[in-house]
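Work the whole structure out from these sequences, hints included.
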Amino acid sequence: MSLFFSLLQTMSFFLVVGYLYCKSPWFRPLANDHLAVKDKIQLYFFFSGLSILGTYLGHPVQDALANTRAIGPVLAGMIGGPLLGTAVGFTGGLHRFFQGGFTAFSCGLSTTVEGLIGGMLHLYLARTNRLQDIFRPDYAFLITIVSEIAQMVIIVAVSRPFSEALELVRIIAVPMIFTSSCGSALFMSIIRDQREMRDRAAAEFLSRALNIAERTLGLFTRGFDAKTAESMAGIIREETGVSAVAITDTEKVLSFVGLGSEHHLPGTPISSDLTRNAIEENKVVFVDGVNDTFVCPISDKCVLNSTLIVPLTDENRVVGTIKLYEAKNKRFLNMNKSLGKGIARLLSNQLLISRYEQQKNLLVTAELKILQAQVNPHFLFNSLNTIVAILRKDANRARELLIHLSVFMRKNLNRKKELSTLEEELAHVNSYLTIEKARYENRLTVVTDIDQGLLNLTLPAFTLQPLIENAIKHGISNMLEPGLVTIKAYRENGTAIIDIEDNAGAFLEKSNEDGLGIRIVDKRIKLVMGNSYGAQAHCVPHEKTLVRVSIPMEDVSHDSRINS
Amino acid sequence: MIRALIVDDEIHARDELEALLLETRSFSVVGKCDNAIGALETVKRDKPQVIFLDIQMPGITGLELLNMIDEEIMPMVVFVTAYDVYAIKAFEENAFDYLLKPVDKHRLAKTVLKLKKKLHDKSPNAIPGTEIRRIPCVASNRIKLIPISEVEYIRSNAAGVYLVCSQGEFFTEITLKVLEARSNLIRCHKQYLVNIDHVDEIVLQENQSAIIQTHLKKVVPVSRRYLKKIKDELGI
Chain A
1367 MSLFFSLLQT MSFFLVVGYL YCKSPWFRPL ANDHLAVKDK IQLYFFFSGL
1417 SILGTYLGHP VQDALANTRA IGPVLAGMIG GPLLGTAVGF TGGLHRFFQG
1467 GFTAFSCGLS TTVEGLIGGM LHLYLARTNR LQDIFRPDYA FLITIVSEIA
1517 QMVIIVAVSR PFSEALELVR IIAVPMIFTS SCGSALFMSI IRDQREMRDR
1567 AAAEFLSRAL NIAERTLGLF TRGFDAKTAE SMAGIIREET GVSAVAITDT
1617 EKVLSFVGLG SEHHLPGTPI SSDLTRNAIE ENKVVFVDGV NDTFVCPISD
1667 KCVLNSTLIV PLTDENRVVG TIKLYEAKNK RFLNMNKSLG KGIARLLSNQ
1717 LLISRYEQQK NLLVTAELKI LQAQVNPHFL FNSLNTIVAI LRKDANRARE
1767 LLIHLSVFMR KNLNRKKELS TLEEELAHVN SYLTIEKARY ENRLTVVTDI
1817 DQGLLNLTLP AFTLQPLIEN AIKHGISNML EPGLVTIKAY RENGTAIIDI
1867 EDNAGAFLEK SNEDGLGIRI VDKRIKLVMG NSYGAQAHCV PHEKTLVRVS
1917 IPMEDVSHDS RINS
Chain B
568 MIRALIVDDE IHARDELEAL LLETRSFSVV GKCDNAIGAL ETVKRDKPQV
618 IFLDIQMPGI TGLELLNMID EEIMPMVVFV TAYDVYAIKA FEENAFDYLL
668 KPVDKHRLAK TVLKLKKKLH DKSPNAIPGT EIRRIPCVAS NRIKLIPISE
718 VEYIRSNAAG VYLVCSQGEF FTEITLKVLE ARSNLIRCHK QYLVNIDHVD
768 EIVLQENQSA IIQTHLKKVV PVSRRYLKKI KDELGI
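Listed in order, the protein sequences are those of chains A and B.
The first sequence begins at 1367 in the numbering used here and counts up by one.
The second sequence begins at 568 in the numbering used here and counts up by one.
Just so you know, not all the hints are guaranteed correct.
[To be verified] Partner residues are not named here, just some residues of chain A that face chain B (Cβ under 10 Å, in silico):
| no. | residue |
| --- | --- |
| 1 | Leu1381 |
| 2 | His1744 |
| 3 | Asn1748 |
| 4 | Arg1805 |
| 5 | Glu1807 |
| 6 | Ala1870 |
Simulated from the structure, these hints should not be mistaken for lab results.
Yeah, the Cβ is synthetic: ideal placement off N, Cα and C, and Gly gets one too.
Put into structure tokens, the structure is as follows:
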């Protein structure tokens, strides 16, 4: 009976080891469903250790040991398969062999067999597609009983003298079978519980992340502004349960929800150095509230003391930050830290996608516009009408105009190139202007002043014509006196400038026609040449409208590429 | 001879149409105008029988211009367009005559026949009246288009019709009658229309007339005859 309790004691010790093991980082391989070779080697050492420990903690009975050595090999076999089981069993067995005694060989052999039996169960479950069952404690219980019975049989069969072996088995069989099986089962249930706990945590994390992804999807396609930021911050706060969430652009707070929202006001400039730091260096800033605390720069009554600041980027350029806060009485969860970083990545991607969509739409609009210009029927028939009229008075002039019209139409129809030189643009515009001047005669005057050194300047094709069309439309529309359109090209601080000016001052930014024309030109230039260039309108009502186009000069040298 | 007015913003288009009209020997051209104000003025002064009207003109379009002409002196209309798919469809549905630029003289001959028939029948013009949204005015060297919503009030006297807005006072060729019929301006006096949205207060007088003060602190008289209507409009 005392043997029975001693073995139970040993088993309890094993369970403590098992518990500690599950809390240690070495447990991680067991949390996954597939074991790498590296993981198996780790498991080999652990379970071999366990097996050897079983021998050491055994209780001497008749020059032999009553022990719980079997637990290690059987579990190793169940979890890792026959090879691992046999290897652990052999190691434990070898160790037992060197301990001596009349059962040295039989115990060594039987331990190896026990590992193999555990492994066979693993193999069986794998073959019948029930691998999820290898962590079942009841299976561990049963297979350990089988293993221990096998051991008893081997002892009786192999150990000599036979009568002593039989006597030994009679004493140890029941306690060993019982305690080892219980130990295996309990050990296994510890492992299984730990695995399920990890799974649950992972599942919860995953479901929160997916919820956020789903709810925020497409929110930023409407633009990154205060309104979308507010919905975004609300969603993030709901899903993560942190004390407060803020979203900023690079200068001011766009939205703030949660604790402290009465003094952290949207629209106010960014006040914390941490945020500025995150923006400037494009890095994640985390203040855990324990080693380091977040001190609110606005109010000393602020309860927030830990924060995670993640930059939002749009093609590596920081456009803002997402900030998660926790109050003094709450710990900043690791899960929320990972979630915060993930959200920022997700939103950055969304920004990128929405910008890509925008550009795609813009290009489509631009193409449509160009297409329209190619076959603008109004222009065509009015021009023909003008030529018909002039034919009565001056056949030569009519002929010239027809040729200009052909040149203009041909260029419009053939234009496939994305880029063009200023010279080509001006030639195209010249044909157009000759016809327009004929249509309006003395109501329209056009003055040009072009720096001849800029003729090789590269610019997006179709940049000038729509702007000049706008200027003419205004110049002759509401004017009782003649309209004057001036076109200038010159250099200024290393940039090429093209000015198109009319004396009507009738530019309406909100008008779709005026606004769209210049916006398309501006965006096409920015797309090709970069954001520091473009087209801008300055209007002095009733006096003049000036559209200024700026183009980088360095492209002047690339003209050979364009012409080829 | 049919007295005709040509309205087109392009000089050659006007010249060409004039030449074609004269070739038919059926027209005398009383005027050629390149903008809405000139056209309104000529219609009032010379009362042409037919107006050849370009639809697509910058500033005020041909259709807008028609809305500004007093019905009593409304000439017959022949629309002229280079390319207006939608307008052409509308003309055909409403049996209006139209010409396409460049104008074919055989097509013009048909128009002449139609016009003569209409003149003979004295059939009235059925130009659909739509709302006037902007009033063309003369302002020093340009034509100003003032939205109705900005107009405080309009007054007429022997010299003509003047509209008053925050930018000042401008002469317009449109009559009070047309403006009353085709806009939300309200008659408050024989010689005044007022924009009800700009009324600040109404001061009742002893002789059952009243005075309106506008937001710009201008004073507009309300005659006895129109006072009730004004009160109804304001829900008093």
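Okay, the hints, checked on the actual structure:
1. Leu1381: Leu1381 of chain A check fails; min Cβ-Cβ to chain B is 86 Å, beyond 10 Å.
2. His1744: For His1744 of chain A, the interface hint holds, since the closest Cβ of chain B sits about 5 Å away, which is under 10 Å.
3. Asn1748: 5 Å, holds
4. Arg1805: Because about 5 Å separates Arg1805 of chain A from the closest Cβ in chain B, which is inside the 10 Å limit, the hint holds.
5. Glu1807: 5 Å, holds
6. Ala1870: 8 Å, holds
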